[in-house]
Amino acid sequence: MASGCLAKVVFSDAKHNFIIHYLAAIGLLLVSPVVFGFSGLDERLAAIPLEMLAPILGIILMTPVFMPEQNESIYDVVRSKKISHTLVCLLRILLSAVIIALLVGGLSLHMYHSGSQVTARVFASALISALTLGALGTFASALGDSSIIGYMVSASYFVLNMLLHNKLKKFDLFTFTDGGTKVNLWLAAAAAILVFAALLWRKIRK
Amino acid sequence: MDNSIIIRKMNKYYGRKQALYDIDLTIEKGMFGLLGRNGAGKTTLMKTLAAIHKKKNGKITVCGVPIEKEREIRAMTGYLPQDFSMYPNMRTDEALDYLGALSGIPKDVRKKRVDSLLRKVNLQEHRRKKVKQLSGGMKRRLGIAQALIHDPKVLIVDEPTAGLDPEERIRFRNLLCEVAEDRIVILSTHIVADIEASCEQVAIMDSGRILWHGTVSQLLANARGHIYCANVEKRFIDQIKREYIVTGILTQNEYTTVRLVSEAEPDLPNTVLTDPDLEDAYMYCLHSCGCELKGGEE
Amino acid sequence: MLFKKECKKILLSLTFWIYCILVVIMFAENYYSEAKYPIGKPAKDGSDYGYMVREDPELIMEGASASLMSDFASNRYVCYPYGFYKAVSLDKEDRDKVEEYVTEITAWDHDEILKQIDSAEVYYMEHGFSTFPGYKFESVNIDKNMTYERYKEIMADIDDILGGGSAYKVETLASRYSLVPMTYDDAVREYEDSITEDTVTGSLARLFSDYTGISLALTPVFAAAALTAADRRRGMTELVYSRNISSLKLTFIRYGALVAMMFIPVFLTMIAAAIQAGEVYGDEPLKMHYMFTTTTFWLLPELMAVTAVGMFLTEFFSAGVAVAAQGSWAFLSLMSGGDELSGNITKFCLICRHNTLYGRSEFMATYNDFVFNRIFYIVLALVLVLAASYIYHLKRGGRFNGIRLFGKGGLFRRKA
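Residue numbers (our numbering), protein chains in the order written: chain A, 1 to 206; chain B, 1 to 298; chain C, 1 to 416.
Hints are not guaranteed to be accurate.
[Said to hold, decoys possible] Here are the computed lysine to aspartate or glutamate pairs in the EDC-like style, where the Cα-Cα straight-line distance is at most 16 Å:
1. K8(A) to D108(B)
2. K8(A) to E94(B)
3. K167(A) to D118(C)
Hints are computed from structural coordinates only; laboratory data are not their basis.
Since we're looking at a predicted model, the values are computed, not measured.
Excised from the complex, chain A in its bound form (with noise of 0.2 Å):
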């Protein structure tokens, strides 16, 4: 019972509130041609679109999900509901996780047939530094009480990271591009600790 009508909530929401966002995604990737080279790249060329486009999808699906109810008195009648607040953004996280890593899949997928050496490793990293950037935005998101400011945060964040690279230490996003050769489970550990923070602010706030 309780599992389809969290369905039908998700379900819903992707529907109304996010369409736009999920179209926005799958723009960005259909122009991205324009600017990027898939064919024919080794392990470290085929990094850098794909270290490059994921964390952009991360801001785009992941940093929106508290703006439905940016409307304060939206969210007075959503949290007066029996299903937990936190529990439905808990979801749309988790949804946007799964639809960013579809798209980074079909993008790795597509470089792999034009010849391009896409390995699990590089792909493994571009989905992870995602995955934390769009955690930024939600994070930032949550604590400005603004999608706006979630999406400050994060586009800011990406422009430090192509001046910086690798003075940013651990928290480089563009892991392979930069020449690493492991998988950074830094940058996974900071997405999951800033998903929780948003989520407990949020919870605590009033």
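Chains B and C: place on chain A using the hints.
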């Protein structure tokens, strides 16, 4: 099982600022009116009862369930916030269905409930309109429908009639009376006429405190003997406003009838003692509890 | 006064403070740590003084033609259209076009070209999962009648066919094929230029503007969008609409307040940079005003343009569209320079880069474009604000409600 809401010595803070002071209240089945000016703490109290805000200390039980058990509380309360709104891109029936799902109602039950509630609140023909296309009154009716979707034992509605036209307001009040037959309905308002028309029990709040609570007839009885009408010249009105609590001014030619609250008979020409209406009684209550009042205006 | 009140409103907004933090982080992480050490005079014994560009048509035509020949032979052209690696293979039609150009340059006919390719040395490159044949051409024949002007036209056309960012981009021909090693004297001259002409602060001001320019290409749009959308979000729109202030005045006051407030942190970092310059180069006679004049002329137009884009698009569409559009523009502008972080200022690039304390001559070569560019952005900004105020005016009169992507009257409205 217990069928009342019991609040004992409850305090609530926003950060360091205290919002509610030692609230003591027992609310039984039927319509319960919460009256007070803007900022009196009505919304805070209602949000606390709907388990949206946490209290600092004290005790609240809703039908025997302590307020800390949020899930259970939410399963048996319906809440309509002051300015209800819903995801603007959803259709009316979809929004109701969505909120029903959030209340954990299984699909087949939900479908029936959505249909019957839409009929009940007269939104049947607008069910395919988007939420943002609804008028203020329709939106409020959707609000009451969503609060009732899980058939709650307690219904909490926060200033539901503010901003509605008279016809819409009466319809809304009647709807509330109808649903109050078998549950607790808590209605907050600063429109006294709403309470007069629908509530038996009433509490008056000011600055985060309950000033008074009892029945409507008690409230009226308290004010009896303190409400006067006087016919005065227009130019004295400002002076009268300064000295008395004026609850109504009716101007006819150069003379003006002033309705005012006073402990003793005022020293004015043509003064007659009159029966209080609820508005007078409310003003008298605020006055007798030591609240500072401005003549005729809140 | 309204201007003051708007400034106060901005001061109390979270986006503004995050903007300030970002400006300071960019300054501290990039510029401040890099400008810590004084530029030294080149040492006489050192053999490598780097390269300098000298536009030599003969060298360029020779190098570029050989490169074109080998790319044409393997039909694999490596391009960096937006700073990212992209290998382009041409279809038959485009291949034929390039062949015509090859013929025009080399005076070789079709058969001769095939013969040359057959006799070229072949090597194999591994890339990804594929192996590509490469053809080595040390030099090719150049038609005696080929002029440098015509050659540049051909190169521009080929770059176009390849989608830009190729090895034949006209602007980078010289730096790619006509580099000459710097001698000790050249290096000293460059150093002395930076001391006498720039008095160091000129170089520092360019580096400062380079880094700060990157954050100013993106971050102001958030504050601008958030504040422009604030009225609607707080249900204040009608309240403000009904006041008797003119739309033009209101929009410009708000715009002015945004730009003024957002310039404050930039100005503060300028002061910090000037103090640092004074400390590092205490003994030199510095023209300190460069730290303020060059930087302001470099950065203020950019801040103005980005803020105006934010206001205009938010008024016309919504805050989300403004952020997405400016985000893409900033990203593409940042990447389109590719690896060249200096000497690359064009008439219309949003971010003017000069990521070095050297290269004064390089910068001066593009100085006119730079001045044009910045004035262009000031004008663009004012036009956009004017447009924003006109849209505000239309909305206020109920003649226009902005274009929303979804919902009532939306572009993508789904059928109910």
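Evaluation of the provided hints:
no.: 1; hint: K8(A) to D108(B); result: 12 Å, holds
no.: 2; hint: K8(A) to E94(B); result: 11 Å, holds
no.: 3; hint: K167(A) to D118(C); result: 48 Å, violated
Figure legend: structure checked against the earlier numbered hints; the only hint not met is number 3.
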